[in-house]
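For reference, the chains in residue letters:
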Amino acid sequence: MAGKPMLHYFNGRGRMESTRWLLAAAGVEFEEKLIESPEDLKKLVNEGSLMFQQVPMVEIDGMKLVQTRAILNYIATKYNLYGKDIKERALIDMYVEGVADLGEMILLLPVAPPGEKDAKLALIKEKTTNRYFPAFEKVLKSHGQDYLVGNKLSRADIHLVELIYYVEELDPSLIANFPLLKALKARVSSLPTVKKFLQPGSQRKPPLDQKTLEQGRKIFK
Amino acid sequence: MEARPKLHYPNGRGRMESVRWALAAAGVEFDEEFLETREQLHKLQKGKHLLFQQVPMVEIDGMKLVQTRSILHYIAEKYHLFGSDLKEKTLIDMYVEGTLDLLEMIITHPFLKPEDQQKEVVSMTQKAVIRYFPVFEKILRDHGQKFLVGNQLSLADVILLQTILALEEKVPNILAAFPHLQEFTVKISNVPTIKKFLEPGSKKKPPPDDVYVRTVYTIFAP
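From first to last, the protein sequence lines stand for chains A and B.
Mapping of the first sequence onto full-length UniProt numbering: residues 1 to 221, in sequence order.
Mapping of the second sequence onto full-length UniProt numbering: residues 1 to 222, in sequence order.
All the given hints hold, so there is nothing to weed out.
Calculated cross-link-like contacts (lysine to aspartate or glutamate; reagent style EDC-like; alpha-carbon spacing at most 16 Å):
1. K196/B with E29/B
2. K87/A with D61/B
3. K64/B with E97/A
Think of the hints as simulated: they come from the structure by calculation, not from any bench.
In this text, all values refer to a predicted model and were calculated from it rather than measured experimentally.
From just these sequences and the hints, can you work out the full model?
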């Protein structure tokens, strides 16, 4: 009998949060081993548990998976959140990669050099408003269905809704002109598994604060 | 009868080169429409051919695929370069993702300030030799097979070979400490479809030069 997946990462969103969202949305209970010091990370490296000496790492089904995309691809496939055929997978992949590009900009904002932060934030807002939100709004409008691909919940919806929450943390007005995205966010958020994950006390991680950023810097320098 | 895939990108390696490698390795002939001017990019964007207004874009099987990884996954799945089951696919995914992290350094290198470029060659060499090559050397040594996963050619072999050859262009002896990777390089280069791609006259693109860098700035600079 397989144990629960075990997530190895530090106590913050970073590159592990999308995995937490996906597992939670799929209704899969998981455990976390938090990396709190450089020694914790070194121990994992010395054990040979990290293929490229990096986290995220997820122990699942007898494997020690690394590389965020490989982890997400495995979970999405296992829990039927990756479309029904190769063409649906291609659409899901495209949408997910677009979400990841914008997500990467948001992820890296806290570690931008102080002189560059304002420009980077402006760029995020511009790309959200002119590139990414319009693309996804258009997809939803084109078929009028409840979900992005195949009239069924997939990882694309989950990753996009997660991203919408982060965009709203930066600037709640950015979603104003995207009614279908707002509807998708409401729909996905009200799914029982997601609703539970959004409540206090879940394994969802809060925005990065100064203390967690400093801890992360010490561990990953 | 299927139309040939059509690749939209400038006439250089960049983010499209992995796609050229994958199609070539799969023995799939393809056409290319080279972006040379900003106007051409705008035409693609205005015509709504680019989901996120970016290239690479590949017209294939009635779709306009964008995002390098989506394109690579589609090709790998369609042409059986993705292993025979979920576990093999997952190994291939991990190996490809690790290799792409290294390849990313190569892709962005020509666009660094000249004074930073030599430092970056040192950095990518260290990463290759300390983080990535030992992993693949061990995999090959442990199973003694020709291919990284499942005893058959996969996307993992293709992307690793692409990356090794690109690094060797900058650091010719980079595989000195890795005998299994040296053997791997020879063996995979001799896979017939790949051998053909490595011959002059193929669609493999030369190393990025000043002309390529200037073209990219012309087309894409804000």
